[in-house]
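Asker: Given the sequences, and given the hints that come with them, work out the whole structure.
One letter stands for each residue in the lines below.
There are 2 protein chains.
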Amino acid sequence: MRPVKWDGKELWVLDQRLLPTREKWVKISSPEDAFKAIRDMVIRGAPLIGVVAAFGLAFSDSFEKDRVKEKAEMLKKARPTAINLAWAVDRVYRRAVSSKNPKVDALREAEKIMEEEERRARTIGEYGEPLIENGDVVLTHCNAGSLATIEYGTALAPLRVAKEKGKIVKVIATETRPVMQGARLTTYELLKDGFDVTLISDTVVGYLMYLRKVNKVIVGADRVFRDGHVVNKIGTYQIAVLAKRHGVPFYVAFPSSTFDPHTNLKNVEIEERSPLEVIYIRGRRIAPKNVKVFNPAFDITPPELVTAFITDKGLIYPPFEKNLTKLL
Amino acid sequence: MRPVKWDGKELWVLDQRLLPTREKWVKISSPEDAFKAIRDMVIRGAPLIGVVAAFGLAFSDSFEKDRVKEKAEMLKKARPTAINLAWAVDRVYRRAVSSKNPKVDALREAEKIMEEEERRARTIGEYGEPLIENGDVVLTHCNAGSLATIEYGTALAPLRVAKEKGKIVKVIATETRPVMQGARLTTYELLKDGFDVTLISDTVVGYLMYLRKVNKVIVGADRVFRDGHVVNKIGTYQIAVLAKRHGVPFYVAFPSSTFDPHTNLKNVEIEERSPLEVIYIRGRRIAPKNVKVFNPAFDITPPELVTAFITDKGLIYPPFEKNLTKLL
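The listed protein sequences derive, respectively, from chains A and B. Add 702 to a position in the first sequence, counting from 1, and you land on the number used in our numbering. Add 702 to a position in the second sequence, counting from 1, and you land on the number used in our numbering.
Hints may contain errors.
Result set (DSS-like, lysine-lysine): computed pairs, CA atoms no more than 30 angstroms apart in a straight line [what the hints assert, rightly or not]:
no. : chain 1 : residue 1 : chain 2 : residue 2
1   : A       : K872      : B       : K994
2   : A       : K894      : B       : K946
3   : B       : K894      : A       : K991
4   : B       : K802      : A       : K726
5   : B       : K915      : A       : K779
6   : B       : K867      : A       : K991
7   : B       : K894      : A       : K915
8   : B       : K968      : A       : K946
9   : A       : K729      : B       : K991
10  : A       : K994      : B       : K867
11  : B       : K767      : B       : K779
12  : A       : K968      : B       : K767
13  : B       : K915      : A       : K946
Since the hints were derived computationally from the structure, they do not count as laboratory data. Since the structure is predicted, the reported quantities are computational estimates derived from the model, not experimental observations.
Answerer: Have a look at this one:
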C-alpha cells in the first residue's frame, strides 16, 4: 500500500491519524498544505515527510528566490527531528533556484525523491532479508513500513522480502504510545499483507524477551549520526537496552536520506509535542486535565546497542563511524 | 482518599475504571458482587483486592461449611496472580468455620484485615521515608497508592510520609498501558494530595533515565517470593532493567500480606487478560479488530534488579532469601 497518490497533477495523502478505523485522503496543493500535514501528523515517517515536503515546495505559487526560500524555511520547521525533511526541501530548493524552468524542475525533483525512496526501501529489504531466518519472531516499534515511506518501508522491508521468498515470519508490533503508530498503522498494513502480527502494549517488551519469545528487533530511524547514534521514535532506546540484556539482535533500517554526517548529538533538537497527545486518546480523556506531561517524540540510542544497520547501500557492522562514512 | 467506604453495615467501593473523569460508587453486598468487582477491575491493587474479597466472603448468605467453602473458592478465582486475594479469603474462611457466630466473626475478620492493611501502608511509608531525599524525582509504575490499598498506599506511602515531613518530592507516573492505572489513578490521587506529578507514556522511561531525570524508582508488588522474585504490573521488569543500567535505585514496596513463602516462580499463574483491553480505549478502537494480542497483566522482576524491599516490617536488603524469610 502507498500512503501517497500522485497522478502527475494532484497529490493526495492518506490521513494516518484516522487509521485503522477510517481511510480518508487529503489533497496537498501548496507548501502550506504540506506544512500542516507534516506538523499535525496527517502523514509521518521520516522518508514520507521528506517526500511530502518536497512536493509541498514544488507547489509554491512563485519561484522568485526570496519567496521560495521563505517557503522552504517554513517547511523545514514543520517538524524538527527527522533529517529527511530538511534534506528533501533543500534538494528541491537548490534545483528550483538553479533552473530556468523552476516549476517543472522542482516538481521533477520531488518525483525523483519519491521514486528514489521507493527504490531505497526495496533495496533495504533485499539487503536485510538474509538476516531473517525462517520462523523468526521479529519485534518492531512504531511504524517504519509502507505508511512511513513508499511501498516496502524501512524496518518492515526485510520482512516483506523474506515473506516474498517464502520465509515464515511472525511480527510483534508495539503499540507505541502516545500516537500509537504500532497499534494503528503497523498492524493495519501487515494484516493487509497477510502477515502473522501480534500487538503488545509498550509495557510488554521486557517480559516478552524474558520469555524468549523474540528473535530479532528491527526499527527505523529519523536521523542517524556518523558515529552511529540513532534518533528514532520514543521508546526505541529502552527496547535496545532490553534487546542487549537478552542477547536479541537489534537492527536499525534506514535509507541514506536519513543519514546526517554534518551535525551531532549535541545539536539535534528532540521534538516535544503537546500534552494533549498523552491526556486524550481519540477525544476521550484518560488523565487529569491539569497534569504535567513530558512528551518527547523521539529518543537516542547509542551505537553500542545496535547490532547492525540495514541501509540501501548494504549492511553496516561496527566499527560504525568508519563503516557508515565509507558506505554513505 | 479511601477507595472503600464501610459504615459497619454497607460496603461501597469507588469504580476505578471510570477515574479520573467520573467518581461512581458501587455497593458490594455479596460474594458474587465482590467477585465481579475484582474480576472486572472495578477495584484493583493487591491489598485492596484482599480487603474487598474478605468482605465479600463475610457477606455470604450462609456459613454452612460446604457453602462458604464454595464461595471462598469462587472468590479466589476472580484474579489469579495477587497473593493477597487467597490470603485474605483464607483468613475469613478459617475464622468463619471455626466460629460459633460465623456471620459476626467473619465480618470482624474482614474489618481487621482492612485495618491491618491501612496500618501496614502507613508503616511502609515510615520505613521507606528515609530513602527519599529532599528534591528527589521518583518514578513509579501503575498505581500502588491509596487506590490500591487503604490511605497511604504501598509504593506511594514513603512519598506521602516524606512530604508530611517537609521534603520536596517530584513524582513521575508512567501511563501503564493497557489499563492506564498510572495516567488515570496515580496522577489523580497525587494531584489531590498536592504532589508535583508528571505523566509520561510507557515509552519514555528509558529516555528519561538517559537524561538523568530520575533519582529513584518505587513500585508495588502483587506477589513476592522468598527468593526475592517480584510479580508486579506488566512493565515493571523493563523499568527495573533500565534502572539497573542507569544506576537508579529500584525499590519494591509491599505489605507482608503480599509475601508468598510457599510457592515459587514455576507455580505462579501470570494472568492474561482480554485483547479488548488493548484494542479499545474508552470505547474507541485503536487497532484492527482482528489483530492478535498478547496481554499479560503482570511480569516478573528478578531479585538482582531490586535494590531493597520496603515492607511494614522494615527495609530488606540482599541477601534477599535470608533477609525476607527472617523478617516476614
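Asker: Now look at each hint and say whether the structure bears it out.
Answerer: These are the hints, each one checked on the structure:
The hinted pair formed by K872(A) and K994(B) meets the criterion: a straight-line CA distance of about 11 angstroms does not exceed 30 angstroms. Of the supplied pair hints, the one linking K894(A) and K946(B) is violated, its CA atoms being roughly 40 angstroms apart against a limit of 30 angstroms. Distance check on the hinted pair: K894(B) and K991(A) sit about 13 angstroms apart at the alpha-carbon level, within 30 angstroms; holds. With a C-alpha separation of about 70 angstroms, the suggested pair K802(B) and K726(A) falls outside the 30 angstroms cut-off, and the hint is violated.
This hinted pair checks out: K915(B) and K779(A) have alpha carbons roughly 28 angstroms apart, not beyond 30 angstroms. Restraint check: the Cα-Cα separation between K867(B) and K991(A) comes to about 28 angstroms, which is no more than 30 angstroms; the hinted pair holds. Restraint check for K894(B) and K915(A): not satisfied, since their Cα atoms lie roughly 41 angstroms apart, outside the 30 angstroms limit. Proposed proximity of K968(B) and K946(A) is supported: the alpha carbons are some 25 angstroms apart, at most 30 angstroms.
For the suggested pair K729(A) and K991(B), the alpha carbons sit about 28 angstroms apart, so the restraint of at most 30 angstroms is met. At most 30 angstroms may separate the alpha-carbon atoms for a hinted pair to count; K994(A) and K867(B) meet this at roughly 24 angstroms. A C-alpha spacing of about 19 angstroms is found between K767(B) and K779(B), which places the hinted pair at or below 30 angstroms, so the restraint holds. Only pairs whose Cα atoms come within 30 angstroms are accepted, and K968(A) paired with K767(B) is rejected, the gap being roughly 71 angstroms.
Distance restraint check for K915(B) and K946(A): the Cα-Cα separation of roughly 22 angstroms lies within the 30 angstroms cut-off, and the hinted pair is therefore satisfied.
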